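Participant: Chain E is fixed; fit chain F onto it per the hints.
Chains as they are written, first to last, in this note's numbering: chain E, 1 to 344; chain F, 345 to 865.
No lab work stands behind these hints, which were simulated from the structure alone.
Treat the hints with care, since some could be wrong.
[Said to hold, decoys possible] 27 Å max Cα-Cα, derived BS3-like pairs, lysine-lysine:
{"#": "1", "chain 1": "E", "residue 1": "Lys99", "chain 2": "F", "residue 2": "Lys505"}
{"#": "2", "chain 1": "E", "residue 1": "Lys80", "chain 2": "F", "residue 2": "Lys423"}
{"#": "3", "chain 1": "E", "residue 1": "Lys80", "chain 2": "F", "residue 2": "Lys505"}
{"#": "4", "chain 1": "E", "residue 1": "Lys78", "chain 2": "F", "residue 2": "Lys540"}
{"#": "5", "chain 1": "F", "residue 1": "Lys423", "chain 2": "E", "residue 2": "Lys78"}
{"#": "6", "chain 1": "F", "residue 1": "Lys540", "chain 2": "E", "residue 2": "Lys48"}
{"#": "7", "chain 1": "F", "residue 1": "Lys806", "chain 2": "F", "residue 2": "Lys826"}
{"#": "8", "chain 1": "F", "residue 1": "Lys351", "chain 2": "E", "residue 2": "Lys80"}
{"#": "9", "chain 1": "F", "residue 1": "Lys418", "chain 2": "E", "residue 2": "Lys78"}
{"#": "10", "chain 1": "E", "residue 1": "Lys80", "chain 2": "F", "residue 2": "Lys415"}
{"#": "11", "chain 1": "E", "residue 1": "Lys200", "chain 2": "E", "residue 2": "Lys247"}
{"#": "12", "chain 1": "F", "residue 1": "Lys431", "chain 2": "E", "residue 2": "Lys78"}
{"#": "13", "chain 1": "F", "residue 1": "Lys418", "chain 2": "F", "residue 2": "Lys682"}
{"#": "14", "chain 1": "E", "residue 1": "Lys99", "chain 2": "F", "residue 2": "Lys431"}
{"#": "15", "chain 1": "F", "residue 1": "Lys682", "chain 2": "E", "residue 2": "Lys132"}
{"#": "16", "chain 1": "F", "residue 1": "Lys806", "chain 2": "F", "residue 2": "Lys836"}
[What the hints assert, rightly or not] Quick partial rundown of chain E residues pointing at chain F, CB under 8 Å, derived from the structure:
{"#": "17", "residue": "Ser76"}
{"#": "18", "residue": "Asp77"}
{"#": "19", "residue": "Arg82"}
{"#": "20", "residue": "Gly83"}
{"#": "21", "residue": "Asn106"}
{"#": "22", "residue": "Tyr108"}
{"#": "23", "residue": "Glu125"}
{"#": "24", "residue": "Arg129"}
These numbers come from a predicted model, not from an experiment.
Backbone N, C-alpha and C define an ideal beta-carbon position, used for all residues, glycine too.
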Amino acid sequence: MDKKVIFAVAGSGKTTYIVNNLDYHKRFLIVTFTNNNYNNLQKKILEKFDGTWPGNITLLTYFQFLFQFCYKPFLSDKLKTRGIIYEKNPERFIEQTNKQYYMTSNGYLYSNRIALLIKKHVLNELKERLCKYFDCFIIDEVQDIAGHDFNLLEELITAAIDILFVGDFFQHTFDTSQDGNVNKNLYKDMLKYKKRFESKGITVDTTTLTYSWRCSKNICSFITKNLDIPIYSHRSSNDNTQIELIKDSNKAFSILNNENIIKLHYQNSAKYGRGHKNWGDSKGEDHYIDVCVLLNKTTKRAFNTKSIDTLAPATRNKLYVAITRAHGNVYFVDEALVVKKSNT
Amino acid sequence: MATIIKKIRLINYKRFLYYTITPNEHINILVGDNEVGKSTVLEAIDLVTSGSIRKVEAIGLDRLLNSDAVKAFKSGERKICNLPHIKIELYLEGNFDFTMNGKNNSDGIPCDGIRMICAPNPDYYSEIADSLTENSDYFPFDFYTIRFSTFADQGYSGYRKKIRSLFIVSESLSSEYATNDFVKRMYSQYTEDNIKERALHKSKYRQLKNNFCLESLQSLNDRIPSSKGYSFGLKSCSVFGLENDLMIYENDIGIDNQGTGKQVFIKTDFALERAGDIVDVILIEEPENHLSHVNLRKLINIIVNTKKGQLFISTHNSLISTRLELKNLQIMHQCSSKNPISLKDLDDETAKYFMKAPVAGIIEYILSSKTILVEGPSEYMLFEKFYKSTANTSPENDGVSIIDIHGLSFKRYLSIAKILGNKVAVITDNDGDMQKNCVDKYTDFQNDTNIKIFYDEDEKIKTYEMVLYENNKELCNQLFGKDPLKYMLNNKTEAAFSLLNNDTNIVVPDYISNAIKWIRK
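Only chain E is shown next, with the shape it has when bound in the complex:
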């Protein structure tokens, strides 16, 4: 069995790497988390196989995988489930042995506890099922798997099947699920995270995908230096892309008014209308040339004091995602300069 997890950096060609590994011979199950990535993979797989979808490849989003592949075949009738609810169980004092711990009284499963339910009740059958239908289990964006989901994943690694997981530790911006203290600190320490994989007999590859195709040398070194996230570039050093904090308000306005430049906010981008997105939501996007990253109060202060690496990990990771969207230049602009749509 070939089992490996690749720690990659932004723009290093994760999707391409996965698609290059596909062929007509093995039966592949590919699971990915964001819709962006699902669409990317779908597009690239179709390109690779001349526009027709090979019957030996199955592509699922994470919750499709969890609910339709893992859960329903075994427990659907037994627990009379009707669907998933993407909320946490408000009732805090129920035992894990109680059905109400996992689902609402009218049959909806709490999304963050499905994996626990599966791990407890059908793990061995699920492993058999995985091996029965697939030869190779691929997860893209493995860094999004958290909480009980990570525990389930750890168990599935040991199934008799090839494993290829690809992810970027620092792009961990949201969790598949959180549940109290379960794996709460998983994404705080990369070394410990790595060890969790290694202890299950899976090879951790930290070299293959550490060079970005998308981001220039300038940008990569900025990130390494200021965000304390190691990332290198395949691009030539003559690539004169800029990464700068725009202080001149005229220049800032011309950037803000340029429709070809995407504006990325820490949060609440919807208030600013078309052409604005949140940092976290831009993950998986690969079609921006220049990017304008808007700084709110907290991040502006961190910029000024050169202490971006001390931002809360989730904030820092989202900022990393935002910066690394750029094929070309990155402009940092004070969010206060942007006029909210609702005010105009």
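Facilitator: Below, chain F alone, put in the same frame as chain E:
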């Protein structure tokens, strides 16, 4: 690999509370009395494979739900959780992906399959609860929902067929709808792998109609005053498209213009042609209806020569049952039983014997729980009279069948009784050697309490005619002249007929009356 049905389970469906059929891979002949549910089984398979909610609704849930289950609910605790569910499960074998496999079946083990479930809709639980308390005789049929899903609990519809079936029903055969449906299905199954061809047919057909309008209707339309913009043209909605205009022809005669019998024949023949290839399962309801004996034999030959596909044939016909081999029978007794009885374990030789032997009421024999087997027509003719004078009632009233097996092959019939467990009395002659002909011959069955051999223990009275004569000397002398025994032996059936028509009571030979008394117990 073609898809086959490994197991069928019906729960609360029509007359079945809980019924399981384990079909053969190729041919299945469903036999049983009227109203035992043969057609119900075929219909169930058709419903699940069709994945059509409309089809289920057309039958009506109140007719689908087992009436005993409804009664049990009404007399029990009227709670939502006690409401009966209808389930039809088809356990399948074939080349499927992961969406077919799971534990959502009544066996609770992971396997491939599809099912239909009718259950109270959870969205209306509060309304159901209200109406249950309001009205004590109410049953909430209207709040039931129909769902088709695989054993992995993935929904499916007729659009994506998991298993392709074809239902050939003789009753509605002549109806225009049934024929159109058959033609459409065959067309879509023949063009399944070639969607382009289908699209091409449709567009060519539309062009053809357009051209007709342009070329042939033009001069007509020219005569219509153009000021208002009216004109003649062909109907254009989908009902008048290609699929609805298609017909299948046999030697230039459309099947819709043929008799019902011929239609059964053609449809079956046409469907079987690609069995196991474009059709996985073929359901044929009582093909003997409307078919002459000669055509029935032809049809049987076609079925015998079809080597692929899974067939389910419901029938009352002994010829079909024996020629398609008794081992393929699924014998349905009462609906209260849990499953049909199969003759899979019948020895090959016996099965072959019945394929070649004259068709002597084999279905009647198999379906009857009490049978008296006799050697020939002369016994058979007088038996009812014997029965009445011994039991004071008719064998029909007792549910006893009398079957003439045309010879001495009782053992063949007894091999079947050994499997089925039905009560069988054999009436046979000792032919001068009681030990050999009546005891040693049947040692295989001496431990079967449902089987008993009856014969005259006086070796000097070798045959049935001699027995008759010994018991009714006076009457025989009167009826059959100088040498009555000789006449009786030479004219067995004529003699029996004379005795039958005579008003004088005949004395019933002891072993025969013993047999009648035993079978009635």
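Participant: Given the hint that E/Lys80 pairs with F/Lys505, does the C-alpha gap stay at or below 27 Å?
Facilitator: This hinted pair holds, its Cα atoms lying about 25 Å apart.
Participant: Using the nearest Cβ pair, does E/Glu125 come within less than 8 Å of chain F?
Facilitator: 7 Å, holds
Participant: With a cut-off of 27 Å on the C-alpha distance, tell me whether F/Lys418 and E/Lys78 pass.
Facilitator: 25 Å, holds
Participant: If you take the shortest Cβ to Cβ gap from E/Asp77 to chain F, is it below 8 Å?
Facilitator: Given a least distance of 4 Å, the restraint on E/Asp77 holds.
Participant: Does F/Lys431 lie within 27 Å of E/Lys99 when you go C-alpha to C-alpha?
Facilitator: Satisfied, since the Cα-Cα distance of roughly 25 Å is no more than 27 Å.
Participant: Does E/Lys132 lie within 27 Å of F/Lys682 when you go C-alpha to C-alpha?
Facilitator: This hinted pair is violated, its Cα atoms lying about 33 Å apart.
Participant: Quickly compare the C-alpha distance for E/Lys80 and F/Lys415 to 27 Å and report which way the hint goes.
Facilitator: With a Cα-Cα distance of about 25 Å, the restraint between E/Lys80 and F/Lys415 holds, given a limit of 27 Å.
Participant: Mind checking the alpha carbons of F/Lys418 and F/Lys682 for me, to see if they're no more than 27 Å apart?
Facilitator: 24 Å, holds
Participant: Would you check the hint for F/Lys423 and E/Lys78, treating anything up to 27 Å between C-alpha atoms as holding?
Facilitator: Holds, at about 19 Å.
Participant: Taking 27 Å as the top limit, are the C-alpha atoms of E/Lys99 and F/Lys505 close enough?
Facilitator: 35 Å, violated
Participant: Check whether the Cα positions of F/Lys540 and E/Lys48 lie no farther apart than 27 Å.
Facilitator: Roughly 24 Å separates the two Cα atoms, so the pair holds.
Participant: Does E/Arg129 hold up as a contact with chain F if the rule is Cβ-Cβ below 8 Å?
Facilitator: Since the shortest Cβ distance to chain F is 7 Å, the answer is holds.
When held up to the earlier numbered hints, the structure conflicts with 1, 4, 11, 15, 20 and 22 and fits the remainder.
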